[in-house]
Amino acid sequence: MPEYMLSVNHVDGEPIPRSDEMERMFADVGAFNDKVREAGAWVFAGGLMPRETATTVDNTGDAPVLNDGPFAETKEWLGGFWIIDVADLDEALRWAEQGSRACGAPVEVRPFQAE
Amino acid sequence: MSDVDERVEAIFRAEFGRVVASLARRFGDLDVAEDAAGEALVVALERWPVDGIPPNPGGWLTTTAGNRAIDRIRRESRRDDKHRAAEMIHDPDPHEPTGPVEDDRLRLVFTCCHPALAPEARVALTLRLLGGLTVAEIAAAFLVPETTMAQRITRAKRKVAGAHIPYRVPAAADLPARLATVLAVVYLVFNEGYLPSSEASSGDADVRRDLTAEAVRLARVLHELLPDEPEATGLLALLLLTDARRDARFAGGELVPLQEQDRAGWDRSQIAEGHALVRECLARAVDTGVGPGRYQLLAAVNAVHTDAADARDTDWSQIAALYQQLVVVDPSPVVRLNRAVALAEVDGPAVALAEVDRLGDTAMAGYHAWHATRADLLRRLGRTAESRAAYDAAVEAATNPAEQAWLRRRRDQLAAQ
Numbered sequence: 001m002p003e004y005m006l007s008v009n010h011v012d013g014e015p016i017p018r019s020d021e022m023e024r025m026f027a028d029v030g031a032f033n034d035k036v037r038e039a040g041a042w043v044f045a046g047g048l049m050p051r052e053t054a055t056t057v058d059n060t061g062d063a064p065v066l067n068d069g070p071f072a073e074t075k076e077w078l079g080g081f082w083i084i085d086v087a088d089l090d091e092a093l094r095w096a097e098q099g100s101r102a103c104g105a106p107v108e109v110r111p112f113q114a115e
Numbered sequence: 001m002s003d004v005d006e007r008v009e010a011i012f013r014a015e016f017g018r019v020v021a022s023l024a025r026r027f028g029d030l031d032v033a034e035d036a037a038g039e040a041l042v043v044a045l046e047r048w049p050v051d052g053i054p055p056n057p058g059g060w061l062t063t064t065a066g067n068r069a070i071d072r073i074r075r076e077s078r079r080d081d082k083h084r085a086a087e088m089i090h091d092p093d094p095h096e097p098t099g100p101v102e103d104d105r106l107r108l109v110f111t112c113c114h115p116a117l118a119p120e121a122r123v124a125l126t127l128r129l130l131g132g133l134t135v136a137e138i139a140a141a142f143l144v145p146e147t148t149m150a151q152r153i154t155r156a157k158r159k160v161a162g163a164h165i166p167y168r169v170p171a172a173a174d175l176p177a178r179l180a181t182v183l184a185v186v187y188l189v190f191n192e193g194y195l196p197s198s199e200a201s202s203g204d205a206d207v208r209r210d211l212t213a214e215a216v217r218l219a220r221v222l223h224e225l226l227p228d229e230p231e232a233t234g235l236l237a238l239l240l241l242t243d244a245r246r247d248a249r250f251a252g253g254e255l256v257p258l259q260e261q262d263r264a265g266w267d268r269s270q271i272a273e274g275h276a277l278v279r280e281c282l283a284r285a286v287d288t289g290v291g292p293g294r295y296q297l298l299a300a301v302n303a304v305h306t307d308a309a310d311a312r313d314t315d316w317s318q319i320a321a322l323y324q325q326l327v328v329v330d331p332s333p334v335v336r337l338n339r340a341v342a343l344a345e346v347d348g349p350a351v352a353l354a355e356v357d358r359l360g361d362t363a364m365a366g367y368h369a370w371h372a373t374r375a376d377l378l379r380r381l382g383r384t385a386e387s388r389a390a391y392d393a394a395v396e397a398a399t400n401p402a403e404q405a406w407l408r409r410r411r412d413q414l415a416a417q
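Chains as they are written, first to last, in full-length UniProt numbering: chain A, 1 to 115; chain B, 1 to 417.
Be aware that a few hints might be false.
Listed below are the simulated SDA-like cross-link pairs for lysine to any residue, each with C-alpha atoms no more than 25 Å apart in a straight line [as the list claims (entries may be wrong)]: (1) B/Lys-159 to A/Pro-111; (2) A/Lys-35 to B/Ala-172; (3) A/Lys-75 to A/Asp-34; (4) B/Lys-159 to A/Val-8; (5) B/Lys-159 to A/Ala-63; (6) A/Lys-35 to A/Gly-13; (7) B/Lys-159 to A/Met-5; (8) A/Lys-75 to A/Gly-47; (9) B/Lys-159 to A/Asp-85; (10) A/Lys-35 to B/Ala-171; (11) B/Lys-159 to A/Met-1.
A short list of chain A residues far from chain B (calculated; beta carbon distances all over 12 Å) [what the hints assert, rightly or not]: (12) Lys-35; (13) Ala-54; (14) Leu-89.
Bear in mind the hints are in silico, worked out from the structure with no lab data behind them.
Beta carbons are placed, not taken as given, at the ideal position from N, Cα and C, and that holds for glycine.
Here chain B stands alone, though its shape is the one from the complex (with noise of 0.2 Å):
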């Protein structure tokens, strides 16, 4: 691929979802907007390497691919409703060629996230359509075959049609509920990435880069759109703090847990803006009165982890106290497990294992990170065999293949003492 080649699909892929937005409201329709956005990109590639790259280009892409809509709508409209073409040609409120508006982002990705669709379909359209991600990209990465994530992302769009489903920013009373679910799909996404399952990671990618940098990318864009909404800000805060230990988190095809990690190594301009982020957070927490919700919560969980030099200078009870807070909001049993971690390091192995111990029936039997917790406590409190056992389970649980080889090391360790 040539270096004009390269630049285009950069640009292609920071514009695609302004592209894509900007014809869904115009068209009202995902598909129009879907493939014109595709043509437009054709054009850019034959182009771009012979004209030069245009000074606006997202400007560029997105009147090419208005005109190409335009294109496709006249040639079905003499076979169906040519009423319907005039209508859309005419567009009551023109879209400003030059600069993207953003509030069509806003309003595409609400549609995308929408409670009506299937979580799974969430992901994918918000993948697709404001990441730009292709099917193919969003296949390999949920593991499942390319018609299949064809099927679901057509499926999705035709309910969104079918069902008129909205393209708008939902009123203000619904607003915080809906966010939620946007925000969890951009979660997911990072999570995803961060810690992929063991057919997804292949040898030299512990972490899967695109979909953690296009976590981070949407999260920035819905902080910049709803500058207001404390947990937007909390998302964006938590993936940077997290996202900037990623290099650190792997040494020889091994996770490096955080407490072991060369913090030399951590992205010091994401941690300095993800501690901004929160700082910000606790300013309006304090002149609201509201309290923090759950992303901002484990972003200040994260923004005193990156905060101590060394991992011995880490503020334990601090880090106990904000996972105290979170069970309040959020009282599952994978946040109770890592309010358990921290209780190990203020008030010790025992207390910690006892409320392990106590979530031991619900579902986290089947959960890694509750067999790898027990099976430290149990280490340090000198129960060496059951520890064993726990490492085992942990082992058997977990599905990324670095994370199995700590594991089996601090197992392996444990014969030795």
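Chain A extracted, bound-state conformation (with noise of 0.2 Å):
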């Protein structure tokens, strides 16, 4: 069955919610995570840390070169992503919208390349 991304885009200058508000959007998600297990779509999933965090690598010339810091400065960055295995777009695009909901985000959904 197709494998699809659905991914959470962090926006800069966004307010970074309140602890309660955080709290319960864990709880959300926590929910949320336990149906698409319950339901066999499960992957793999994972929030990221802020991408002050990042390092680049570029082993593309003679030696790596490393830089510290994000490939490309976006205002928009990757926060975290769950990976599903379901049988169409429209299966996907459910599970997306309860994920939105449970994050209070957006959800962008990806297919991944067939294998």
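Mind docking these for me? Both chains are given alone in their own frames, and the hints should help you get the complex.
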């Protein structure tokens, strides 16, 4: 069955949620994760540390070059994602609707390349 | 073009959607289906003038296209994946070559109108794959260069394949929302044909018959395939009752408004069919207790208009009541504007003008019908100077030359008063 990445972006300058909001979001996302697992659609999911923690490695030249920071300076950056295994886009979109509600942010749905 | 060629073209146009839909189900690939259907036409154009048109041309086209598709997959499988081709050739659910499977077209229309595709891509894909219009024809209809339209269609097909947009009729729970997307595409195709913008309407073609006819045909297919969906019935009724007036709508390159049309020029058989469908909707609404949706209400409005032997006999209070119901379903400024037009006939132009002016700070300020309605109400209230200014704004905002001509005449009649 096809796999999809459901990704959640952070946008620069968006206010940081209050701690009670954050707690509710964690609980909602936890419940959503359980549903994905129970449905057998779960492959993997994770939240990422802020992009200040990123290191970019470029070994396309003579020697590896390390850079402190993300590859591209953008206003939006990947905050977390789910990878799900479902029958088709309609199923992926239904999970995305629920995931978006749970994490309180828009969710981008992209198919993986077929193996 | 010979007679046979024309008949082949006509058959092909009518059968294209069925052939593509059947092949799309069988091979799971829109490109394969579309290309094979095109190749089958080439074969038909060679053979039929010599051998005669076969007794079941649709079945012949499906079989021929299916064989072409298998040839293509065999060729490609030598290059890449033999197993995939083997799977496809052994069709576990063989199609019926003599009678097209109706459900295939229904599946295909839901794929083409999937909400994950951009609205303009839905329209293009539907006209191409179900309507059998060429890319050049679709490009001309929507005033974009052919290469742009070709890219739009290619991109949409790539997304259908790459994102695994399913090829099936949605589950009952999702059907109303998904059907609304499909009906919106068909309605948009119709409206683009019914009042084309200036660049698309060449002198003698006030109405783009290719688009209006295609929309009516698609609406008919949807109604046949989903006879229990009241909004599909409503859309077919709406299109028939609107299309019935097309010949009376233009005279000497000028738009003729409904009230001034020669009603003898209306298509009586389309009106009779539309009225029967509206009655069917009403009976069902009574039976089920489910209120009519937007297309049924618009169809009912048009049924009232086409029911009047003379414009003066129009039952405006019923039209106002229908628009009142429609405002509840769809409180958009366009619907409120149309309700105001009916209110003018029931409660007088002053009441209507107040409502029209309340809409002035919405997006309506750039909409020609808003200015034209204001102009007419101001004229009836004797506020001539303001009316003239409103007609000027309406001419400015309108894009259809026949409509502009009519608005200019109304404006110039003011000066004579």
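Against the structure, the hints come out as follows:
1. Proposed proximity of B/Lys-159 and A/Pro-111 is supported: the alpha carbons are some 10 Å apart, at most 25 Å.
2. For the hint linking A/Lys-35 to B/Ala-172, the alpha-carbon distance of about 22 Å falls within 25 Å, and the restraint holds.
3. Restraint check: the Cα-Cα separation between A/Lys-75 and A/Asp-34 comes to about 31 Å, which exceeds 25 Å; the hinted pair is violated.
4. Taking the CA atoms of B/Lys-159 and A/Val-8, the gap is near 21 Å; set against the 25 Å cutoff, the hint holds.
5. Proposed proximity of B/Lys-159 and A/Ala-63 is contradicted: the alpha carbons are some 39 Å apart, above 25 Å.
6. For the suggested pair A/Lys-35 and A/Gly-13, the alpha carbons sit about 32 Å apart, so the restraint of at most 25 Å is broken.
7. The straight-line distance between the Cα atoms of B/Lys-159 and A/Met-5 is roughly 15 Å, inside the 25 Å bound, and the hint therefore holds.
8. A threshold of 25 Å between alpha carbons decides the hint, and for A/Lys-75 with A/Gly-47 the separation of about 18 Å falls inside it, so the pair holds.
9. For the proposed pair B/Lys-159 and A/Asp-85, the alpha carbon gap of about 18 Å is at most 25 Å, so the pair holds.
10. Between the alpha carbons of A/Lys-35 and B/Ala-171 the distance comes to roughly 21 Å, so the proposed pair stays at or under 25 Å and holds.
11. At most 25 Å may separate the alpha-carbon atoms for a hinted pair to count; B/Lys-159 and A/Met-1 meet this at roughly 17 Å.
12. Once the 12 Å rule is applied to beta carbons, A/Lys-35 is consistent with being away from chain B; the minimum gap is 17 Å.
13. At the 12 Å boundary, the C-beta of A/Ala-54 stays outside the reach of chain B, the nearest C-beta of that chain being 28 Å off.
14. Its closest Cβ contact with chain B, about 5 Å, brings A/Leu-89 to no more than 12 Å, contrary to its assignment away from the interface.
Violated hints, listed in ascending order, are 3, 5, 6, 14; each of the other numbered hints is respected by the structure.
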